[in-house]
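Colleague: Taken in sequence, the protein lines are chains A and B. Residues 1 to 77 in this note's numbering are what the first sequence spells out, letter by letter. Residues 1 to 226 in this note's numbering are what the second sequence spells out, letter by letter.
Think of the hints as simulated: they come from the structure by calculation, not from any bench. Watch out, some of these pointers could steer you wrong.
Claimed, not checked - Here are the in silico distance ranges between beta carbons for each label pair:
| hint | chain 1 | residue 1 | chain 2 | residue 2 | range |
| --- | --- | --- | --- | --- | --- |
| 1 | A | R60 | B | A152 | 39 to 49 Å |
| 2 | B | A141 | A | M25 | 22 to 32 Å |
| 3 | A | V21 | B | T215 | 23 to 33 Å |
| 4 | B | P67 | A | T57 | 12 to 22 Å |
In this text the structure is predicted, and so the values were computed from the model without any measurement. Cβ atoms here follow ideal geometry from the backbone N, Cα and C, with glycine treated the same way.
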Amino acid sequence: MKAVVHVMPKLSVLDPQGAAVAQAMKHHGLPHTGRVRVGKRIEIELPAGADEAALNTICRDLLSNPVIEDYTLEISE
Amino acid sequence: MKFAVLRFPGSNCDQDCLLALNALPKSSAEPVWHKETSLPSCDVVVVPGGFSYGDYLRCGAIARFSPIMQAVKAFAEDGGTVIGICNGFQILCEAGLLPGALVRNRDLHFVCEHRHIRVETPDSRFTRNAPAGTVLNLPIAHGEGCYFADDATLLDLAIHRQVLLRYCDDQGRTTEAGNPNGSRSNIAGICNKTRNVFGLMPHPERACDPLLGSTDGLVIFESLLA
Chain A
1 MKAVVHVMPK LSVLDPQGAA VAQAMKHHGL PHTGRVRVGK RIEIELPAGA DEAALNTICR
61 DLLSNPVIED YTLEISE
Chain B
1 MKFAVLRFPG SNCDQDCLLA LNALPKSSAE PVWHKETSLP SCDVVVVPGG FSYGDYLRCG
61 AIARFSPIMQ AVKAFAEDGG TVIGICNGFQ ILCEAGLLPG ALVRNRDLHF VCEHRHIRVE
121 TPDSRFTRNA PAGTVLNLPI AHGEGCYFAD DATLLDLAIH RQVLLRYCDD QGRTTEAGNP
181 NGSRSNIAGI CNKTRNVFGL MPHPERACDP LLGSTDGLVI FESLLA
């Protein structure tokens, strides 16, 4: 079983990394983009039948900080 | 007064804390390794600065799960005094002992310099020696010191007078120019509702000796002794 977690900064939080990336894209002459935000992808290999509720707890308590981040969790076989 | 200074893998300000606190009158400070499951008998727990766990995942995100933190939480819940400095502040926020979070500095640079820090209220065991409006000169050294909390939390902090320190200019004005990292409301240090847990990004332990350019850190430590 595999879990993939994506962690993104909340829209309300200043993301200076994203802003820096947007600036760099501009300097590279790329067509004007809107906002850029940078997050994390975490891949976790799990034994079969892993508990989804427990995974969500790990996402909330460790892998993301709910004050400043949102996460999505995808589980696949 | 007895201080317990925690040590995590990657903490690097523990020695400065031990030196500064041991030099205080009638005080002693000892290190406590993060794997301990209980605190020694002490009056104040200090969570020092540094790069615990290399700032992996998020600053303080992994340290908050260290065994010693259960004991620190219980100590805080019992009304014990806890002070978190820089990475220590980050750890306390991650552990839920303080509201909000510290994120990457607005300008993306690691800022390492002395700044003006205004004391917002003497109504705490950490600031009682300083009248409101006192401007302290304290060093900061961080890349993720931008304090963030949503509007509801900021309002709550204001209502309960939990903001103890703000970044300011040399005139004590909390201006944009006086804000080195983009912290909301220029917040540099806050306490919890029961006013026994304090987190601050500046380093008071690096401002206790004239050789280091400022002794304003003593204002905070001597308030604890008062």
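Colleague: Now look at each hint and say whether the structure bears it out.
Modeller: Hint check:
no.: 1; hint: R60/A x A152/B: 39 to 49 Å; in the structure: 19 Å, violated
no.: 2; hint: A141/B x M25/A: 22 to 32 Å; in the structure: 31 Å, holds
no.: 3; hint: V21/A x T215/B: 23 to 33 Å; in the structure: 42 Å, violated
no.: 4; hint: P67/B x T57/A: 12 to 22 Å; in the structure: 19 Å, holds
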